[in-house]
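Can you make the complete structure from the sequences, with help from the hints?
What follows is each chain in one-letter form.
2 protein chains.
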Amino acid sequence: MASGAGNVEAFLRGLIRSGSIEIVLPGGRRLMLGDGSGPPVVVCINDRLTLARIAAAPYLGLGEAYMDGRLVFEQGAIRDLLEIGSRNAASAPRGPQPGPLRRWWKAMRDERISRAAARRNVAHHYDLSLNLYRRFLDPDMQYSCAYFAHPDMSLDEAQVAKKRHIAAKLDLAPENRVLDIGCGWGGMALSLAAWTGARVDGVTLSTEQLQVAQSRAHAEGLAARVNFSLTDYRDVAGTYDRIVSVGMFEHVGRANYQEFFNKIADLLADEGVALLHSIGSSGPPGPVNPFTTKYIFPGCYVPSLSDVLPAVERAGLRVTDIEILRLHYGQTLRCWQQRFAAHRDEIATLYDERFCRMWECYLAGAEVGFRNGGHMNFQLQLTKRVDTLPLTRDYMAQAETALASAERRVA
Amino acid sequence: MASGAGNVEAFLRGLIRSGSIEIVLPGGRRLMLGDGSGPPVVVCINDRLTLARIAAAPYLGLGEAYMDGRLVFEQGAIRDLLEIGSRNAASAPRGPQPGPLRRWWKAMRDERISRAAARRNVAHHYDLSLNLYRRFLDPDMQYSCAYFAHPDMSLDEAQVAKKRHIAAKLDLAPENRVLDIGCGWGGMALSLAAWTGARVDGVTLSTEQLQVAQSRAHAEGLAARVNFSLTDYRDVAGTYDRIVSVGMFEHVGRANYQEFFNKIADLLADEGVALLHSIGSSGPPGPVNPFTTKYIFPGCYVPSLSDVLPAVERAGLRVTDIEILRLHYGQTLRCWQQRFAAHRDEIATLYDERFCRMWECYLAGAEVGFRNGGHMNFQLQLTKRVDTLPLTRDYMAQAETALASAERRVA
Numbered sequence: 210m211a212s213g214a215g216n217v218e219a220f221l222r223g224l225i226r227s228g229s230i231e232i233v234l235p236g237g238r239r240l241m242l243g244d245g246s247g248p249p250v251v252v253c254i255n256d257r258l259t260l261a262r263i264a265a266a267p268y269l270g271l272g273e274a275y276m277d278g279r280l281v282f283e284q285g286a287i288r289d290l291l292e293i294g295s296r297n298a299a300s301a302p303r304g305p306q307p308g309p310l311r312r313w314w315k316a317m318r319d320e321r322i323s324r325a326a327a328r329r330n331v332a333h334h335y336d337l338s339l340n341l342y343r344r345f346l347d348p349d350m351q352y353s354c355a356y357f358a359h360p361d362m363s364l365d366e367a368q369v370a371k372k373r374h375i376a377a378k379l380d381l382a383p384e385n386r387v388l389d390i391g392c393g394w395g396g397m398a399l400s401l402a403a404w405t406g407a408r409v410d411g412v413t414l415s416t417e418q419l420q421v422a423q424s425r426a427h428a429e430g431l432a433a434r435v436n437f438s439l440t441d442y443r444d445v446a447g448t449y450d451r452i453v454s455v456g457m458f459e460h461v462g463r464a465n466y467q468e469f470f471n472k473i474a475d476l477l478a479d480e481g482v483a484l485l486h487s488i489g490s491s492g493p494p495g496p497v498n499p500f501t502t503k504y505i506f507p508g509c510y511v512p513s514l515s516d517v518l519p520a521v522e523r524a525g526l527r528v529t530d531i532e533i534l535r536l537h538y539g540q541t542l543r544c545w546q547q548r549f550a551a552h553r554d555e556i557a558t559l560y561d562e563r564f565c566r567m568w569e570c571y572l573a574g575a576e577v578g579f580r581n582g583g584h585m586n587f588q589l590q591l592t593k594r595v596d597t598l599p600l601t602r603d604y605m606a607q608a609e610t611a612l613a614s615a616e617r618r619v620a
Numbered sequence: 210m211a212s213g214a215g216n217v218e219a220f221l222r223g224l225i226r227s228g229s230i231e232i233v234l235p236g237g238r239r240l241m242l243g244d245g246s247g248p249p250v251v252v253c254i255n256d257r258l259t260l261a262r263i264a265a266a267p268y269l270g271l272g273e274a275y276m277d278g279r280l281v282f283e284q285g286a287i288r289d290l291l292e293i294g295s296r297n298a299a300s301a302p303r304g305p306q307p308g309p310l311r312r313w314w315k316a317m318r319d320e321r322i323s324r325a326a327a328r329r330n331v332a333h334h335y336d337l338s339l340n341l342y343r344r345f346l347d348p349d350m351q352y353s354c355a356y357f358a359h360p361d362m363s364l365d366e367a368q369v370a371k372k373r374h375i376a377a378k379l380d381l382a383p384e385n386r387v388l389d390i391g392c393g394w395g396g397m398a399l400s401l402a403a404w405t406g407a408r409v410d411g412v413t414l415s416t417e418q419l420q421v422a423q424s425r426a427h428a429e430g431l432a433a434r435v436n437f438s439l440t441d442y443r444d445v446a447g448t449y450d451r452i453v454s455v456g457m458f459e460h461v462g463r464a465n466y467q468e469f470f471n472k473i474a475d476l477l478a479d480e481g482v483a484l485l486h487s488i489g490s491s492g493p494p495g496p497v498n499p500f501t502t503k504y505i506f507p508g509c510y511v512p513s514l515s516d517v518l519p520a521v522e523r524a525g526l527r528v529t530d531i532e533i534l535r536l537h538y539g540q541t542l543r544c545w546q547q548r549f550a551a552h553r554d555e556i557a558t559l560y561d562e563r564f565c566r567m568w569e570c571y572l573a574g575a576e577v578g579f580r581n582g583g584h585m586n587f588q589l590q591l592t593k594r595v596d597t598l599p600l601t602r603d604y605m606a607q608a609e610t611a612l613a614s615a616e617r618r619v620a
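Line by line, the protein sequences are chains E and W. All letters in the first sequence, in the order written, are residues 210 to 620 by this note's numbering. All letters in the second sequence, in the order written, are residues 210 to 620 by this note's numbering.
Derived from the structure by calculation, the hints contain no laboratory data. Using N, Cα and C, we set each Cβ at its ideal position, and we do this for glycine too. Hints may be right or wrong, so weigh each one.
What the hints assert, rightly or not - Here are some chain E residues the structure puts well away from chain W; computed CB gaps all over 10 Å:
| no. | residue |
| --- | --- |
| 1 | Arg-226 |
| 2 | Arg-343 |
| 3 | Asn-385 |
| 4 | Ala-446 |
| 5 | Glu-459 |
| 6 | Ser-491 |
| 7 | Pro-493 |
| 8 | Met-585 |
Stated by the list, open to error - Listed next, the stretches of chain W that the computed footprint assigns to chain E, with coverage defined by at least 3 CB atoms under 8 Å from CB atoms of chain E:
| no. | segment |
| --- | --- |
| 9 | 461-475 |
| 10 | 506-519 |
| 11 | 531-539 |
| 12 | 599-612 |
Listed below in structure tokens is the structure:
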């Protein structure tokens, strides 16, 4: 046992080479990890089994220990611990993935997500109480990467700027028919309709989101032009001038990418434009951390561009632009965490302490993934024809400016 | 024989479904292809063997027949014929590639280009007489896709705009050390140095290009800051703040992509930025037309983004932006053809008629490839760190505007 514990300690020391983490072990002995730089994080771990679990599967072990109250902070917080961990992981030499992880990753990577599984996966997360999401999102309920057009923007402003940024890339005309795949609580669809006069169909698999989106369409007087429905994107029919999908592609499943882009190609008019906004990975394809897929987003996958582009090319779609938003999502998640923390007591009443810790771990883990872990958010613009969009990208900034002045005139 | 000829005619009829091509056969019979739309192209083919060769391998057969004077125009020109052909090919249902073509393509795709082969391939094209290139390029000798920032720009203006566009994406500072891989006749390196004060090393494998580039550096008083050499990029040593490569990646060879991006990663400073400007294909990976690889650019390959990104990701580089220039190269090639035609007599004296026809076929084929064949030009921006560049793309347009006003002040 003593030797086993010694091995675990040596392994943890190997993981953390910079920063300062102090672990208070059962019995009170203190294990120091790192090089002593930066503000120290001090955690108490109540039992040796928890320590071994963390060593065996750092992401999952840490998340579960924190959720279950077996890892308690004497100094610092979960975000500080994850920040040090992710920074060290990013600079670690990349060895081969261990056998079981590789097998698990291959199984997960190749899993085709059925309509039933897609609905279950969505319900798991997006059917959580609206009161929860209201506590940490902006008033428009944008649950995806904001666009900080200026560094000093508030989250609320940056979420409006994101919608403008996407609307500009869609190069919309008032007569356009638009499809919004994964419309969430309806914010994007409603803004596109209100700003441009377009007719928008929004589809979601979340009954909670649908209800909110429909109420908003009525309240905002847009029900005649914006139609929301509970529909799997694979079951949408018709032809659309514009297709937008924001923060939904993460749930499509890698094995379904070809089906996804073939469907986009089927639905898009010959002169059409599609814009896909999704979390991505800057590195080669690899597994999502198991804490996220187990507790937060079952079936989710973070694609590398090399995962996505073969399917786009085979579907006969043309890539016309790829923007990589790098630190915008880290900043977005920082804002969400601050709002979550400010409403933590209410959220604990709504759910419980364990739920709060689970979500703190999720939001903090996601943030450090964007800052240190190679995550990014890409905006992929697609057409069918070579001559659909203007010759240069200047129209994007021009449309964005025009939308912003139009809003200022309304306000 | 009669039945064989009938088969060939039926096959050609199947290839051309829209537009009007009239073939005057040996003996005077006229074979009408297409639906009679548009201005007719009338070609005389002197022998049945040529017709069979075109049917067996349309690109190569057509190019060789034209070069060798076995296909002569009674009405229209080679560009019109290629335009109709490429338009029909683009709308044809894509069948499986025939056996020999697939085998040839796999062999070509997987060929590793040695240093010796790279030098031979470069010499074949770029060591052609400077007097030839002077006849059809802009005065700065930019032999790659121009950037028509405004639709009414001249080629000369659009080539300067291209250099500004790239300089802006490099986010250059005066103290930067820049590497230009495949520097051509030196225009990009000299402009970057003159505009920003940076120190630039340019490498080429063409002795002809090197000589011109070095003379220009002296003549423009930039020899102290710009150094040109005859060096394979694989043999460059040191660390660079910025790396730029324009129109060279087409010659790297698909099997060498990992080596190429690993080398970029080795040479690039941690805070560095790289910008790769290359012809690409919007479709899935596939062979380059055999006329081009046989007569114009031996060893060249037109990459799909799905060819490029796996190697980028594995090299540990981050994609920070991908711009797809679509019709810019079609327009560039149109201008080159017009200038070539205006100096055709001089070029025929420099080389001969067959060379002129070979190059007409190359330039026209390339143009229609960009207009109808799914070719494009991508600009891939890369960094190592997540926080190297500004948060939004606004800096690009700002830097471009600043460079343009600085030039106006100088002029």
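Against the structure, the hints come out as follows:
1. Arg-226: holds, 18 Å
2. Arg-343: holds, 28 Å
3. Asn-385: holds, 21 Å
4. Ala-446: holds, 23 Å
5. Glu-459: Since the minimum Cβ distance to chain W is about 18 Å, Glu-459 of chain E lies beyond 10 Å and the statement holds.
6. Ser-491: violated, 5 Å
7. Pro-493: violated, 4 Å
8. Met-585: Violated: least Cβ distance 8 Å, not greater than 10 Å.
9. 461-475: violated (count 0)
10. 506-519: holds (count 5)
11. 531-539: holds (count 6)
12. 599-612: It holds: at least three residues are needed, and the segment 599-612 of chain W offers 5 whose Cβ sits within less than 8 Å of chain E.
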